[in-house]
Amino acid sequence: DTEVTQTPKHLVMGMTNKKSLKCEQHMGHRAMYWYKQKAKKPPELMFVYSYEKLSINESVPSRFSPECPNSSLLNLHLHALQPEDSALYLCASSQDLGGGETQYFGPGTRLLVL
Amino acid sequence: GDSVTQMEGPVTLSEEAFLTINCTYTATGYPSLFWYVQYPGEGLQLLLKATKADDKGSNKGFEATYRKETTSFHLEKGSVQVSDSAVYFCALRPSGYSTLTFGKGTMLLVSP
Numbered sequence: 001d002t003e004v005t006q007t008p009k010h011l012v013m014g015m016t017n018k019k020s021l022k023c024e025q026h027m028g029h030r031a032m033y034w035y036k037q038k039a040k041k042p043p044e045l046m047f048v049y050s051y052e053k054l055s056i057n058e059s060v061p062s063r064f065s066p067e068c069p070n071s072s073l074l075n076l077h078l079h080a081l082q083p084e085d086s087a088l089y090l091c092a093s094s095q096d097l098g099g100g101e102t103q104y105f106g107p108g109t110r111l112l113v114l
Numbered sequence: 115g116d117s118v119t120q121m122e123g124p125v126t127l128s129e130e131a132f133l134t135i136n137c138t139y140t141a142t143g144y145p146s147l148f149w150y151v152q153y154p155g156e157g158l159q160l161l162l163k164a165t166k167a168d169d170k171g172s173n174k175g176f177e178a179t180y181r182k183e184t185t186s187f188h189l190e191k192g193s194v195q196v197s198d199s200a201v202y203f204c205a206l207r208p209s210g211y212s213t214l215t216f217g218k219g220t221m222l223l224v225s226p
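Chains A and B are the protein sequences, given in the same order.
Just so we're aligned: the first sequence equals residues 1 to 114 in the working numbering.
Just so we're aligned: the second sequence equals residues 115 to 226 in the working numbering.
Be aware that a few hints might be false.
Said to hold, decoys possible - Cβ-Cβ distance ranges computed for the label pairs, FRET-style:
#	chain 1	residue 1	chain 2	residue 2	range
1	B	Gly192	A	Val12	39 to 45 Å
2	B	Glu156	A	Gln95	22 to 28 Å
3	B	Gln159	A	Leu54	24 to 30 Å
To be verified - With the C-beta cut set under 8 Å, the calculated list includes, among others, these residues of chain A facing chain B:
#	residue
4	Thr102
5	Gln103
6	Pro107
Hints in this document: simulated from the structure, not taken from any laboratory.
We treat Cβ as the ideally placed atom computed from N, Cα and C, and that holds for glycine.
Can you make the complete structure from the sequences, with help from the hints?
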């Protein structure tokens, strides 16, 4: 089983709202990732967690706050977003951070910021 | 730095036609190479991968061979179906590193 699940599937929020995206995997993977994908573009890496610790932050604005409560779960907390943050947010996981490891992606959360 | 170059799309084919989507890369060392597919409104699915030179990845009738001498990983399928219509991303993962470098993606449109 190579399934990564994400909830919600769609989210509409105002610029003053606080919301969270959730990602879960039960493959025993120890590395988890958040990506942002704009229409007709490839995914852009936002954050990487390894063994529940933040390993990479690609200079993402502080209105995006990741959290990894345990090895199976990854959250992305959203606050005071801008309309240009509207995008598909993808979660991925891999066995670990070693070179060659395959990343498996979830179906994504489509976010619209009004 | 590392980079992946894919052919511009959209690629438009009739059902049962032969498909080639070109992918070349620039990287130091020995990266792993991947093809991901994204169907409309969905996330990315791993299609196939190759981790060393001359490896051939294959899945669902698609195949690609890791050619180090030409730094290429072209995707091929002998007979496409309407259901293959999607965006295809070529990606590399440098040896010893955690991050993926994606190409810009190639949209494939298959008509009946």
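Outcome of the hint check:
no.	hint	in the structure
1	B:Gly192 x A:Val12: 39 to 45 Å	holds, 43 Å
2	B:Glu156 x A:Gln95: 22 to 28 Å	holds, 23 Å
3	B:Gln159 x A:Leu54: 24 to 30 Å	holds, 27 Å
4	Thr102	holds, 6 Å
5	Gln103	holds, 6 Å
6	Pro107	holds, 4 Å
In summary, this structure violates none of the numbered hints.
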